[in-house]
Each structure stands twice: as structure tokens, then as C-alpha cells.
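Peer 1: If you want the building blocks of each chain, they are given just below.
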Amino acid sequence: MSKVMPMKEAVQRYVIDGDFLFIGGYICRTPFAAVHEIIRQKKRDLTITRSNAADDFDMMIGAGVVKRFIGTFLSLGLYGLGRCYRRSIEKEIPHKIELEEYTNLSLPMMLMAGSMGMPFVPVKDMAGSDLLNVKSFMGEDKYKVIDSPFDGSPTVLVPALNPDVAIIHVQQADEMGNAQIWGIGGDCKVGANAAKKVIVSCERIVSREVIGKDPSRTIVPDFKVAAVVEEPFGAHPGYTPGFYDVDFSFGSLYQQASNTVEGFEEFLNEWVFDVEDRTAYVGHYIERFGYPTFKNLEAAFDFGYPVSYAY
Amino acid sequence: MSKVMPMKEAVQRYVIDGDFLFIGGYICRTPFAAVHEIIRQKKRDLTITRSNAADDFDMMIGAGVVKRFIGTFLSLGLYGLGRCYRRSIEKEIPHKIELEEYTNLSLPMMLMAGSMGMPFVPVKDMAGSDLLNVKSFMGEDKYKVIDSPFDGSPTVLVPALNPDVAIIHVQQADEMGNAQIWGIGGDCKVGANAAKKVIVSCERIVSREVIGKDPSRTIVPDFKVAAVVEEPFGAHPGYTPGFYDVDFSFGSLYQQASNTVEGFEEFLNEWVFDVEDRTAYVGHYIERFGYPTFKNLEAAFDFGYPVSYAY
Amino acid sequence: MHTHPDDYIKPELMACCGAREITDGNIVIVGTGFPTMSANIAKYTNAPNATLMQESGVYDARPVRPALSVGDPCLNPGAAMIGGLVDVMGMFLQSGWVDVGFLSGSQVDKFGNINTTVIGDYEKPTSRLPGSGGANPIGSLAKKILIIALHDKRRLSERVDFITTPGYIDGPGSREKRGLPAGTGPGVIITNKAVLRFDDDTKEAYLATYHPDSSVDEVVSLTPWDLKVSDDVHETEPPREEELRVVREILDPFGMIKIYEGRGYV
Amino acid sequence: MHTHPDDYIKPELMACCGAREITDGNIVIVGTGFPTMSANIAKYTNAPNATLMQESGVYDARPVRPALSVGDPCLNPGAAMIGGLVDVMGMFLQSGWVDVGFLSGSQVDKFGNINTTVIGDYEKPTSRLPGSGGANPIGSLAKKILIIALHDKRRLSERVDFITTPGYIDGPGSREKRGLPAGTGPGVIITNKAVLRFDDDTKEAYLATYHPDSSVDEVVSLTPWDLKVSDDVHETEPPREEELRVVREILDPFGMIKIYEGRGYV
Chain A
1 MSKVMPMKEA
11 VQRYVIDGDF
21 LFIGGYICRT
31 PFAAVHEIIR
41 QKKRDLTITR
51 SNAADDFDMM
61 IGAGVVKRFI
71 GTFLSLGLYG
81 LGRCYRRSIE
91 KEIPHKIELE
101 EYTNLSLPMM
111 LMAGSMGMPF
121 VPVKDMAGSD
131 LLNVKSFMGE
141 DKYKVIDSPF
151 DGSPTVLVPA
161 LNPDVAIIHV
171 QQADEMGNAQ
181 IWGIGGDCKV
191 GANAAKKVIV
201 SCERIVSREV
211 IGKDPSRTIV
221 PDFKVAAVVE
231 EPFGAHPGYT
241 PGFYDVDFSF
251 GSLYQQASNT
261 VEGFEEFLNE
271 WVFDVEDRTA
281 YVGHYIERFG
291 YPTFKNLEAA
301 FDFGYPVSYA
311 Y
Chain B
1 MSKVMPMKEA
11 VQRYVIDGDF
21 LFIGGYICRT
31 PFAAVHEIIR
41 QKKRDLTITR
51 SNAADDFDMM
61 IGAGVVKRFI
71 GTFLSLGLYG
81 LGRCYRRSIE
91 KEIPHKIELE
101 EYTNLSLPMM
111 LMAGSMGMPF
121 VPVKDMAGSD
131 LLNVKSFMGE
141 DKYKVIDSPF
151 DGSPTVLVPA
161 LNPDVAIIHV
171 QQADEMGNAQ
181 IWGIGGDCKV
191 GANAAKKVIV
201 SCERIVSREV
211 IGKDPSRTIV
221 PDFKVAAVVE
231 EPFGAHPGYT
241 PGFYDVDFSF
251 GSLYQQASNT
261 VEGFEEFLNE
271 WVFDVEDRTA
281 YVGHYIERFG
291 YPTFKNLEAA
301 FDFGYPVSYA
311 Y
Chain C
1 MHTHPDDYIK
11 PELMACCGAR
21 EITDGNIVIV
31 GTGFPTMSAN
41 IAKYTNAPNA
51 TLMQESGVYD
61 ARPVRPALSV
71 GDPCLNPGAA
81 MIGGLVDVMG
91 MFLQSGWVDV
101 GFLSGSQVDK
111 FGNINTTVIG
121 DYEKPTSRLP
131 GSGGANPIGS
141 LAKKILIIAL
151 HDKRRLSERV
161 DFITTPGYID
171 GPGSREKRGL
181 PAGTGPGVII
191 TNKAVLRFDD
201 DTKEAYLATY
211 HPDSSVDEVV
221 SLTPWDLKVS
231 DDVHETEPPR
241 EEELRVVREI
251 LDPFGMIKIY
261 EGRGYV
Chain D
1 MHTHPDDYIK
11 PELMACCGAR
21 EITDGNIVIV
31 GTGFPTMSAN
41 IAKYTNAPNA
51 TLMQESGVYD
61 ARPVRPALSV
71 GDPCLNPGAA
81 MIGGLVDVMG
91 MFLQSGWVDV
101 GFLSGSQVDK
111 FGNINTTVIG
121 DYEKPTSRLP
131 GSGGANPIGS
141 LAKKILIIAL
151 HDKRRLSERV
161 DFITTPGYID
171 GPGSREKRGL
181 PAGTGPGVII
191 TNKAVLRFDD
201 DTKEAYLATY
211 HPDSSVDEVV
221 SLTPWDLKVS
231 DDVHETEPPR
241 EEELRVVREI
251 LDPFGMIKIY
261 EGRGYV
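Protein chains in written order, with my numbering: chain A, 1 to 311; chain B, 1 to 311; chain C, 1 to 266; chain D, 1 to 266.
Don't take every hint at face value.
[Said to hold, decoys possible] Straight-line alpha carbon distances no greater than 20 Å define the calculated PhoX-like cross-link-like pairs of lysine-lysine that follow: (1) C:Lys-124 with B:Lys-67; (2) A:Lys-96 with D:Lys-144; (3) B:Lys-144 with B:Lys-67; (4) C:Lys-143 with A:Lys-196; (5) A:Lys-213 with B:Lys-67; (6) A:Lys-91 with D:Lys-124; (7) B:Lys-135 with C:Lys-124; (8) A:Lys-144 with B:Lys-144; (9) B:Lys-91 with C:Lys-258; (10) C:Lys-10 with C:Lys-258.
No lab work stands behind these hints: they were computed from the structure.
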């Protein structure tokens, strides 16, 4: 009954063309191995969502797998604007994605509402901004303004989101999918729990007994999980607290490459299409940049204290 | 700038007659030392709230400090109905409290809404029940039913709650109030964060550095906290995971005592009025039941694994 | 073929009746007592992949003794996930993931409505009961509700004094009209005398099986409404040997279930 | 009396201007770069009890180097609390606990409206920018907004192409009319030439102080609207010795702040 499988199989079985995907991460725990596999399998017409999107979303847009984006923000951070994102919106390369825009308050709240079975949720932002004046594929259901039945004040309501699939990368999970994290959470917990099913990518698979030693760390229960994939270094060039650091040099590499369509395609060939899976990717990384560079990303040793749940 | 003080001072300074209090706990981490101090100081006209109330709420009602109760449930669990609660409602002893009733879904959602600055929140329960037909001091603002502006379906909205003070008992906190728990959460996180200020009672005060070794365990940030009280054994006869077990015998003692008004008053004298503080209470407990009984409540040694947040 | 020892007590039989209502893979929200026992019997027999949660915030606990409350300390060590009420009641229950919920009540009526609030008038009650707690949302939102009740004319009633938790309310269409989710509602009432099920058309509880020491006549006479009897009414299957072994050797070695005999479950 | 060394660079001055806007005990939501630098300078000088949070879920981080993003790994070890977006943006910001927020934008107009969405038409933009991210809720809900901008006629404008984050929108009463919380709104625009504040009556930004190498005339000429000048306009106080020491010795020993010179902050 184990749900453990290779990423190739997880993406083949559980990501269908046209699906609505939540993809977690916030530089912290970006499920990059899954993103590469989605591109490798040339999925089409996906709707993708996350608050504060970055290089992974830019790459999917450039690779042409995305039809729609429910977002709040997309940039390469330190490296400036998302090149593929700009080319899509400004020049329709490879095509113009459709865009529904919210904020880092309203979108997490919509996912939280989805995770909790709430049909909609009131938010106090967006009022007075042009975000209320632009509507795309969600049309009139992007939001509603009502007079509060309690005090009559104008109140913005945003709808719950329930993605078909959520993909998150976590520190550890058991083979049934109980997934644990520590450190920056972004919108992973609400996004994963809002989805109809979850693909859990993890640094290490642990026993159910290890999960049970610290159940307060679990953010997704096994019954929501369709597949568990052990992908050490799976968030690279993002980071995973306690495992490895952000790879700033690689971020720069992507920036340079994605400046042009040709460069972007060469990058995809080298790091996605010409490697079969994450293991081959790591092998190529070490071959290209040397083991010391790879080893240098490894997290320092700085463990905290254990706790007891006993009585 | 430390906020550490004795419970006596915390309750004197921060619990005002007429206040609206959230009191956390779920057998797990009941802030009993604070409850006793509130009774000892003979506070009046309090409105109290929590989902699934138990012996502590029953005791406050019996002691006459409560005017109103926003609740979902009150019982002594294993020991049956709350005796003081019944006497209050059925026989107006010491007086009849006013009661606004919700459920273990809607009340936590109202506290969550309060904690998140949402004016109200939609809930899918209560429809079709008599809970919608009884309204007390919240009047027409107990709930509203609207036709969803998204799909027209009837939707129950319940209002946010923002207590004046929240009182919670946690495993550990630093002297500024950053409070950490593990194990059963009940509605502590939402209730504490919904309040205008928080009194944190804890098993141990730890350094800010210890908090920083595992920041994902923090449920309340220091800026919301008015007072930090170190109260080992502070949840007794409830329990604190990793520290001590539920005291079933003491639960039975309270049940027996509270069967009659006289018994209840003797109980209060012995365990509340005749002891000056929690230290004296624990001393009396050991004197009365013996050190082995006390020691026997101590949690087994069963620690988990440490984690690292390093990069 | 199953072996059926005859030294069982009624709470054991009732727990087994509950267990048989659970399907493999079900997600079950439980309180204490029978429900937990039932769900755990199911895990060891017909539904090895069922998982349990408690409203206090616990998912898939591994208690080493029967939990005495939904906040019992034994639910903490070894659980798969622990959060709070908003996680279990909101993120799991309200979002539609819970298959089975167990409820009991001081009054249960023919439409499966449950009263745990007051006996008598709400403002001037004869007896003030605990209130809803998690009962109302579980009864509103879990896909199948199993109701545990004592079988007499006080506990069962034509109409409860107060609907704490809606069953089929006033009958067919009532839940839908109030906006309760499709495909939810009471599935069975397990009493100390019989198993009642709900008629698809009338939404009224009818007699499906009577327990071995009872009879159709006794059950009908103890029921305060005009109880319909199934065409294929028969005796309830007694506890199987393997079910009893699970109860007595694994789940409840100290026989705590016996306290329910003292509460009238005989 | 303060000593003012004259070897500072403009981003250092701007960071100090930000720091001086923070009051002791303030709760400050920050992104990266200047804002974090400002808030940290304040913590070491005029506001030792100010605390910082990042929208990604971090409260009171203790990074050992300047964070390069709100999700930077250095924000994890040592923080007082780490949750997610719903905690910081919902539980702290939307619930009204945040005193100060820092924002920057590709366009900022005279009412303090900020555009980080598009230059040109929304449907056919000249330049597609990142979008709101946390900017809109911070600008809507923090009690005081400090805006960082480059001072030229492209970055400052009479009216932004797209209001990503509302300032005073169309002027007095606009925020209140849209339902934004009372007592919120832009407090100051800190540019590489000057500090602008907002008139209580007109809600328009006016010149409060010009930086040491600039002048009233230069600032007015670089501003695309008819910039009002304060009666007591004067030179901005340069960085104090102790402020610079905090920046150079404690917060940013590797001088990462210099990259802002390359981005035009001169």
C-alpha cells in the first residue's frame, strides 16, 4: 500500500493535461524535481497557482506547459523580472498565458478557504486598487463586493480555490504521505490541503514511527496524498532548511540563459530534457560544477532540542 | 523589558471585571492556575469562551465569576455533566449565566476569523438545527444567513470574535512571551491570536535562543503577550504533553465535591482560597496525596528527534 | 464461516455492529467509548486501512489504551498529525473528507435528529445537557452517521426536544433544503436492542435487525413511534470470535468497556 | 550632538531616513534591501524594541547576513516564530497589528499610489512587472507606509498606469470610501533626492527635506507634478556616525548595499 514511486510515474499518473495545479515553495522547498518532470513530459494547458512565484513558474511558462496562472507576483528576485513571463505577456512567446491576479493576502486566503471547505472568504485588501478592475478567466467570480450583513460596510469576498493536484517538497514524509516540514511555510499547508490530491516530494522517506515522534510537524495527512517521491536535493536551486542552501550561482545561470529564447531552450535541454531524472540532474551538476561546489551547498550542522509527547 | 510576573499580578493587571476572556486548553494544557487565580480574586461579570469547555469552566461558573458564556459544550467528560453549570442554568445557583451556543466547527472558525482580521466567516454546519433558533446576548448578530453572491446557495455567516484577553498554558515561552506548544492544539492558537492581549502561563521559561532553535513550534508571538507566568504543573488536573499526565483521581474528587453546593464550596476553599498560589497548591497536593502520587503523574521519558533549520 | 462465542456483553455487540458499518479506507471521526472501539475493531478486521481522527486536532493516533476523551493524553504520542480544531473540523470535516462519524445523544428521534442540549424547554430546562460540541458539524458534514442510543421511550422519541444535530430533520428533502451537503445524513441507529436503518423514501428509521436476546415485538414496544419493520428483519449477527479477540486482547485489555453496562447498555 | 561622516553613499542615507520613521516598539513588515536595513538600523538606534516580520511566515528573524529575499534561508534559524503566509498576512497584518510597512514601486504617484504591475496598457503592456505580491495588502493594512523610490519623471508620476497598491487613491476620503481601515496610508516617500511627506488635507506628497547634494529646485524639477514645498523645508540630516557604524559593522559587513548604487540610487 506504499505510495512511493519515481517522479516520472507520479507525474504521468497524477498530472493530467488541463489540470489546475498548486505548486508549493517559496525559494524554500520549491518542488523543482517535479517542475522539471512536468516540462520533460510536455504537459499542456495547465493552470498553475501559488503566491509569490519565481524561477520555477517562469520556467514552466517558457516551456509552454502553462495556459493560465492564478498569481500574485512573479519575479526572479535578486535576478530581476521573470524573462519567460515577460516574453509570454509582452510578446506571446511561446504563447500568451491568461492571468488572474490577486495578492499575497487574498490568494493564500482563497487556498485556506479551499482547504477548509469554506465557499468564499472576506478579505480587507484589494479595495481601491486596479486589481479589482481587471478580470480574466474567472470573470465575475474573481471576487464579489457585498454590504456586510453584520454592519453594512462594503466587504470584498474572494472564492475558495480547489486545485486538482498540489505538488509540494518537504523535509520528510512516510511512505503513505504524512508530510512534515519546519521553517518557512509560504502557502504550502493551505495549498496542499485545498487540492483534491497531493504529490509529496521529500528529502527523505522516514518510517511512520518517526512521523509519530513529532506529529505537530505534519502539514498534510496521508489520506490526501496520491504519491510520495523521495527526491534528495529536489528543491535545487531553491533550498530546504536543514538540508542545503540556495544556489545563488545557479540562479544567475538561469537568469543569463533565460535572457533569450535560445538560451532558455539550451538551458532546458541541458538541465531538463537531457537528464532523465533528479539523480541524473545531480550527477550532471556535480560533473559540471565539481563536487566541492555541490558539497558546499550542504547545510551546516545546527540541531535544536528534542521534545516529548509522553504523559 | 521582561514580561515575567506572578499569576497574581498578571490577573490583577490584565483581567478586568466585565472582560471577555478566551481560556485555552482541551484537558490538554488547561490554564488551571490562572482559572484559580481569577476565582481567588473574585472577578465579576466575565464573558468566557472556548470550544469544548470542561471542569475549569464549570468551576468558574460555580464560583460566580461568569456572566456570559459563548460556548459549544460543557461537561466533565468521564465524570458526566457539569454540576455547577447545571445548577446555574436549571436553578440559578449562584446565578443564571447567559449562554450563546455554537459548535466545535463554528466557534473555532469565529476565533480564527478574529485572529485573522476577517469580519465574519461562512460555516457549513448549524443549518437545520435549533442552534439557529436560539439567540441570546448576541442577538441578531449571532449569525446571518445570506444567499451566496457566487452561486446563490444559502450560506450561514458567523461573526469574528475578539476577546479582551486570552489565557493559555503552554509547554514553554521566553520572557517576552513567544509561546511554544506541541501536541493537541484545540483552539489555542486561534483563540490566543484573536485576543487583544494574551497571558501566557508555561511549564518552563526558556531563553529566546531556545525559542529560535525551533520557531515552527511558536503559536503566539511576543508582541501579543502582556504577561508570562512560569507555572509548573499549571494545567493540573489536566495534562501537558511531555510534562505530566491527566489526574483522573482528582477529576473524580471534583465530581464528588461539585455534586452539592456545600461540597463545591469546600473544594474551592481547600484548593483555591486557602492556597496562595500554584506553588502552595502543589505543596498542598503533595501533603494531601503524598509525593509518590504526585511523582506518578510525571510524564514518561520518550523524546523525539531534533531538527535543524540551518542552510 | 464465523464462530460466535456467547459470552459477550451488549456494549461489545454494539461496538461490533458499528465496526461492520465501516468500509476499508474510510476516514472516521470518533469521540470516545463505542465509536473508537468500533472503528478500531474495523481496522483489525474488515477495514484495515480505515483511519481515525479526533476533533481536538488528532489524526491517526496510536493510543496504547482506550482514549477516555477526545483530548486524552494517550492520543498524542505516535499520531500521524496533530493540529487543532480548525484543522480537523475545518480542513478535514468541513472540506468533505470524512466518511463516517459516530454520535450519541440523550434523545434521538425517528428522523435521526439528535438532542444533546436540553431536556424540556430551552430557557427553563428540566435538564441541561452538554451541548453540541462537535456533534452538530459531524452530523451535518460526515458522509455517513452512525448513531448510538439506549433503546427506551425516553431516549428514543417521535421528536427531540431540541435539534442539536440534524438528522433528516422533517423528512425527505429537509437536509437539501437547508443547504446541508448532498450525500450526508444518518445511516444507522445502533441501540442495545436493535439496529435501525433509514428508509430511502420516508427517511424514517425502521427495524433492520434485533439483537439475539430481543425480538421484533420487544423492539417495537420499546420504540415511541410507529416503528416500521423490514421485510427481511432478522437477528443481529453476534460478535465474531475474531472481533471479540480484538476488543479483549488488543484494544481494551482492562475491560473498560464494561462501564457501559452500568450506564444501561444491557 | 551627532557626528555626520561625509563618506556615505546614497542608499545608506535612504536607509537611515527609513530608520528614523520607526518608533520604538513598532512592528514592521519588511521585504529586502533598504527596508530590512532601515528597520535594523532603527533596532540598533532609536527603536531597540521594534520587531520585524516577513510575509513568507517569519517573525523576529535573526539573520547573520542581509536577507536577499523574504524567503531567504538566513531567516529561518533563530526566528521567534515561523508559520506561513496566512499567519503573517492574515493573523498579523489583516488583523491590524502591523505598524510600519515598506514598499517600493516602478511608479509612484502624488497620492502615494504604487504600480508594480504593468507599464502601459494592462492587456498589451510595454513592460510586465512582477505584480502585487505582498505590496497591496501591506499598503492597504499597515498603519504607516514608507515608500522607497527613484526620483525621476519616469518613476514618479502624476498618476500611475495601474494602482497595484492604493495610497490615497484620488485624494482625501478615498481610502475610507473604499473601506480601507482608518488610520492607514502612506506616510513618506524616500527618494534618492529627497523626503516627501503627505499633506493632511490634500493627501498630496510635498517636499519635506532635500538630500545634502540636492536642492529644492532640483527636486521640484525632477518631480512630474506641481510639487508643493514645505514652509520649513530644509536639508535631510545625513547619516549619523552611529547609524553608519550599524550598517557597516553589524548589518552589512560585506557592503551589499552598494548594489543599489548600480540600480540608480545615487
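Peer 1: Are the hints correct? Go through all of them and say.
Peer 2: To see whether the hints hold, each was checked on the structure:
With a CA separation close to 17 Å, the supplied pair Lys-124 (chain C) and Lys-67 (chain B) stays within the 20 Å bound. For the hint linking Lys-96 (chain A) to Lys-144 (chain D), the alpha-carbon distance of about 38 Å lies beyond 20 Å, and the restraint is violated. Under the criterion of a C-alpha separation no larger than 20 Å, the hint pairing Lys-144 (chain B) with Lys-67 (chain B) is inconsistent with the structure, at around 25 Å. Restraint check for Lys-143 (chain C) and Lys-196 (chain A): satisfied, since their Cα atoms lie roughly 17 Å apart, inside the 20 Å limit.
For the given pair, Lys-213 (chain A) sits about 42 Å from Lys-67 (chain B) by alpha-carbon distance, which is inconsistent with the 20 Å threshold. Restraint check for Lys-91 (chain A) and Lys-124 (chain D): the C-alpha separation of about 9 Å stays at or below 20 Å, so the hint holds. Simply put, Lys-135 (chain B) and Lys-124 (chain C) have alpha-carbon atoms about 14 Å apart, close enough for the 20 Å limit, and the pair holds. For a cut-off of 20 Å, the pair hint linking Lys-144 (chain A) to Lys-144 (chain B) stands: about 18 Å separates their Cα positions.
This hinted pair does not check out: Lys-91 (chain B) and Lys-258 (chain C) have alpha carbons roughly 34 Å apart, beyond 20 Å. Taking the CA atoms of Lys-10 (chain C) and Lys-258 (chain C), the gap is about 9 Å. The hint holds against a cut of 20 Å.
The structure shown violates the earlier hints numbered 2, 3, 5, 9.
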